[in-house]
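J.: Listed below, chain by chain, are the residues.
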Amino acid sequence: MPFSPLIALITDFGENDPFVGIMKGVISKISPGLELIDITHNIPPGDIQRAAIMLWQSKPYFPPGSIFLTVVDPGVGTSRRGLIAFSDDHIYVGPDNGLFTFVLDTSSEQWELENREYQLPHPGTTFHGRDIFAPAAAYTAKGIFGSEFGPVITDILRLPKPHFRLSPHQIQGEILYKDRFGNLLTSLGKFTSLDQMTFEIEPWFDVEPKLSGKIRISRAQASILLADGRILSWVDTFADLQDDECGILLGSSGLLEISANQNSAADLLSLSSGEHITLKF
Amino acid sequence: MPFSPLIALITDFGENDPFVGIMKGVISKISPGLELIDITHNIPPGDIQRAAIMLWQSKPYFPPGSIFLTVVDPGVGTSRRGLIAFSDDHIYVGPDNGLFTFVLDTSSEQWELENREYQLPHPGTTFHGRDIFAPAAAYTAKGIFGSEFGPVITDILRLPKPHFRLSPHQIQGEILYKDRFGNLLTSLGKFTSLDQMTFEIEPWFDVEPKLSGKIRISRAQASILLADGRILSWVDTFADLQDDECGILLGSSGLLEISANQNSAADLLSLSSGEHITLKF
Amino acid sequence: MPFSPLIALITDFGENDPFVGIMKGVISKISPGLELIDITHNIPPGDIQRAAIMLWQSKPYFPPGSIFLTVVDPGVGTSRRGLIAFSDDHIYVGPDNGLFTFVLDTSSEQWELENREYQLPHPGTTFHGRDIFAPAAAYTAKGIFGSEFGPVITDILRLPKPHFRLSPHQIQGEILYKDRFGNLLTSLGKFTSLDQMTFEIEPWFDVEPKLSGKIRISRAQASILLADGRILSWVDTFADLQDDECGILLGSSGLLEISANQNSAADLLSLSSGEHITLKF
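Heads up: the protein sequence lines correspond to chains H, X and F, in order.
Numbers in our numbering are just positions in the first sequence, counted from 1, shifted up by 156.
Numbers in our numbering are just positions in the second sequence, counted from 1, shifted up by 156.
Numbers in our numbering are just positions in the third sequence, counted from 1, shifted up by 156.
Here chain H stands alone, though its shape is the one from the complex (with noise of 0.2 Å):
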């Protein structure tokens, strides 16, 4: 693996306490120099889906040897273990909660952290993030491998998985969460474009049951159904709609997005995560 010196960070730390910088002062300590990138640290407070969520979205972004430090830990300081996994290009830090559930695979190799001697001294039962995990990363930047931190595990706990069935003509999933804007990003991907108007979608995380290969969708003939049965038609940017009118479009990451004209389309069509949505094409 090519190496990289960057640790990219995501939290539910907040910026308005010392926590997160505390974590850059411990990480400088012992690696200085590095690249830090936030990735954000106002994930909900607890919120581990919406971390896992948005470490699959980072992660194809960021160069080969990239550590991502992901700490939302509501179990600190009870017997849930702390990890470090290699997989494919990037090496992963944090709890054993199923933050890593969508970026790790059979192929991904996992470690406890179990070495005392690459943790703080004393470590206390509060803030495993500046006493475990930071120091982690840090010395993964400087070398240590994988298996010096502690005993392979197997058993990653994971997430249960995002809604998304398959039926002919139709996938129904849910809305995941809303962005910045008021887009509402829903289960529905990943989605990759043929052309303008041709799509294909292999989905972004196990689904029972398989698809057989990828399924083809075209634009002009797929719509999406809410839940109270209103309907939305799949355009391709932002400007092609009215004020005040929804759409669905395919999102930066592939997902299929619920959005409006500089507007928000949460507030537009009061939708809130795990309402369900349908896909017919």
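It is worth saying that the hints were derived from the structure and are not from the lab.
Just so it is clear, the structure is predicted and the values come from calculations on it, not from any experiment.
For glycine and all other residues, C-beta sits at the position ideal for the given N, C-alpha and C.
Check the hints yourself; a few may be wrong.
As the list claims (entries may be wrong) - FRET-style restraints, in silico, Cβ to Cβ:
1) X:Ser428 / F:Gly385: 44 to 50 Å
2) H:Ser235 / F:Val363: 36 to 42 Å
3) X:Gly369 / F:Thr262: 55 to 61 Å
4) F:Asp245 / X:Pro279: 24 to 30 Å
Claimed, not checked - With a cut-off of at most 30 Å between alpha-carbon atoms, the simulated DSS-like pairs for lysine-lysine come out as follows:
5) X:Lys185 / X:Lys298
6) X:Lys436 / X:Lys346
7) F:Lys346 / H:Lys185
8) H:Lys185 / F:Lys366
9) H:Lys346 / H:Lys436
10) X:Lys185 / H:Lys346
11) H:Lys298 / H:Lys185
12) X:Lys298 / F:Lys298
13) X:Lys298 / H:Lys298
14) F:Lys185 / X:Lys298
15) F:Lys298 / H:Lys298
16) H:Lys185 / X:Lys370
17) H:Lys317 / H:Lys366
18) X:Lys185 / F:Lys185
19) F:Lys185 / H:Lys185
20) X:Lys185 / H:Lys298
21) X:Lys346 / F:Lys346
22) X:Lys370 / X:Lys317
Given the coordinates of chain H, assemble chains X and F onto it according to the supplied hints.
T.: What follows is chains X and F alone, placed relative to chain H:
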């Protein structure tokens, strides 16, 4: 132009979603180890003018060679162009939608971001910050020159000018926006102070009618008239104001600001963006 | 002192305005390529005590040679002094208004920031973070020593001490503030744990009457008494608390905190800063 490998970022992407982190990942993949400085990511969604003013406020304080990656892009996916501009000591990258109104002049050079070689493969229709602008900034930092990105642009889009009307012994302007502390920035500037009581004004954008030279103004004889008839006097610093008193002072960008002492002038006066104000002198 | 080119920033400038980005531009112009770590910029406007405590919480985790650029400066433009201080392994830069109360002691050395050579030309009256403090931090990182900035200061301004009163078998303290998760930090500390049930306290600031040596406290016999008579018991970590139950635990800074399990203790108890609490042991 001396070269400094620094990219400064201004966006309306907020800090809750992975957008900014992903842009930085893209930059680091192309051009690792650059200094990345966040100016802000909390531009109100789609507020091009706010970002344009902030860029003007920030640029004098950045080293020669700094690249300003500015993405407030409500027209993403439409035919609006992407551009890279070289002006004085700085480089600007972003959509051609008025963002660069206050930093580019007739001596600047601009090129359209057209060359697919310096974009991510298969750019989408919703996130050119990731697919086009971040790569352009990163390749520029590696030494790719403006003309390699695409054809010259001579007709960049410019925003309407803020209100600024000179009459004998008065200038009428407008309130631009409030900052975190509740100070109200106005279009009246750019002032420099000759001494504690004497100031010169030279407009910070092209105004009609043109001023013939700089205008000298004595603080002792100057006051601000609000639209409803209230009058504010010009003070030296915040501490010169009594509790709940508002006054005008020379803000850090050379614009007159309406301020209070450890209080929000915006709240005390109930003023908001666009309202007219008159400097009498 | 070993040298590490790192500047850590604490301000009340928020994240919506260009203030912090401009300070970093100034730093980069003087001293390019430094590692810059944001601790927070969301100190409530003018809340010097909050910043002073955060500085105390953060500093042990930063490498020797770190420069803390701390700007919460409601008195900007008045005669309050700017200072640079060297203490133990760290350097502090900011206004002399109490910010450094908890990190400087009689062994520290301080100098006034007076030398115009290490400031921006023509400092204004409203943004010394940009004109004076950021340059001082950047020049220090280049090796300029404290005494080159100006005369020695021996009488730095100190904040009033938080409440802390020892009586037989109890210590009375106060609530300092709540963090993002709704944990309420108290002035009761600094505790270190000898084992899971036994703790020692050594005050983190000068208290009257002085403690004669450290006090040893057994968790099993300790409880917190709120001003209204409610009693909280001391637990090991968040997960030991039932739904909606609040307890005390040893926070990550060594201060006792009032916490809940995946819930906000501040909301559950309706307590706020300044309220007294008593540790019985």
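J.: With reference to the structure, classify each hint as holding or not holding.
T.: Hints, one by one, checked against the model:
1. A beta carbon spacing of about 47 Å between Ser428 (chain X) and Gly385 (chain F) agrees with the range 44 to 50 Å that was offered as a hint.
2. Separation of Ser235 (chain H) from Val363 (chain F) is about 38 Å and conforms to the stated range, judged on CB atoms against 36 to 42 Å.
3. Between Gly369 (chain X) and Thr262 (chain F), the C-beta spacing of about 57 Å keeps the proposed range 55 to 61 Å intact.
4. Between Asp245 (chain F) and Pro279 (chain X) the C-beta distance comes to about 48 Å, which lies outside the given range of 24 to 30 Å.
5. For the hint linking Lys185 (chain X) to Lys298 (chain X), the alpha-carbon distance of about 12 Å falls within 30 Å, and the restraint holds.
6. For the hint pairing Lys436 (chain X) with Lys346 (chain X), the CA-to-CA distance comes to about 16 Å; that is within 30 Å, so the pair holds.
7. Restraint check for Lys346 (chain F) and Lys185 (chain H): satisfied, since their Cα atoms lie roughly 23 Å apart, inside the 30 Å limit.
8. For the hint linking Lys185 (chain H) to Lys366 (chain F), the alpha-carbon distance of about 34 Å lies beyond 30 Å, and the restraint is violated.
9. With a CA separation close to 16 Å, the supplied pair Lys346 (chain H) and Lys436 (chain H) stays within the 30 Å bound.
10. Between Lys185 (chain X) and Lys346 (chain H) the CA atoms are separated by roughly 23 Å; this keeps the pair inside 30 Å, and the hint holds.
11. At most 30 Å may separate the alpha-carbon atoms for a hinted pair to count; Lys298 (chain H) and Lys185 (chain H) meet this at roughly 12 Å.
12. Taking the CA atoms of Lys298 (chain X) and Lys298 (chain F), the gap is near 26 Å; set against the 30 Å cutoff, the hint holds.
13. Annotation: proposed proximity of Lys298 (chain X) to Lys298 (chain H) holds, straight-line Cα distance about 26 Å (limit 30 Å).
14. Pair hint Lys185 (chain F) plus Lys298 (chain X) holds up; C-alpha atoms about 19 Å apart against a cutoff of 30 Å.
15. Of the pairs offered as hints, the one joining Lys298 (chain F) and Lys298 (chain H) holds, with about 26 Å between alpha carbons and a cut-off of 30 Å not exceeded.
16. Between the alpha carbons of Lys185 (chain H) and Lys370 (chain X) the distance comes to roughly 52 Å, so the proposed pair goes past 30 Å and is violated.
17. This hinted pair checks out: Lys317 (chain H) and Lys366 (chain H) have alpha carbons roughly 13 Å apart, not beyond 30 Å.
18. Our distance criterion of 30 Å between C-alpha atoms is met by Lys185 (chain X) and Lys185 (chain F), whose separation comes to about 25 Å.
19. Restraint check: the Cα-Cα separation between Lys185 (chain F) and Lys185 (chain H) comes to about 25 Å, which is no more than 30 Å; the hinted pair holds.
20. Our distance criterion of 30 Å between C-alpha atoms is met by Lys185 (chain X) and Lys298 (chain H), whose separation comes to about 19 Å.
21. Simply put, Lys346 (chain X) and Lys346 (chain F) have alpha-carbon atoms about 51 Å apart, too far for the 30 Å limit, and the pair is violated.
22. A distance of roughly 19 Å separates the Cα atoms of Lys370 (chain X) and Lys317 (chain X); the hinted pair therefore holds under the 30 Å criterion.
When the structure is compared with the earlier hints, violations turn up for hints 4, 8, 16, 21 and for no others.
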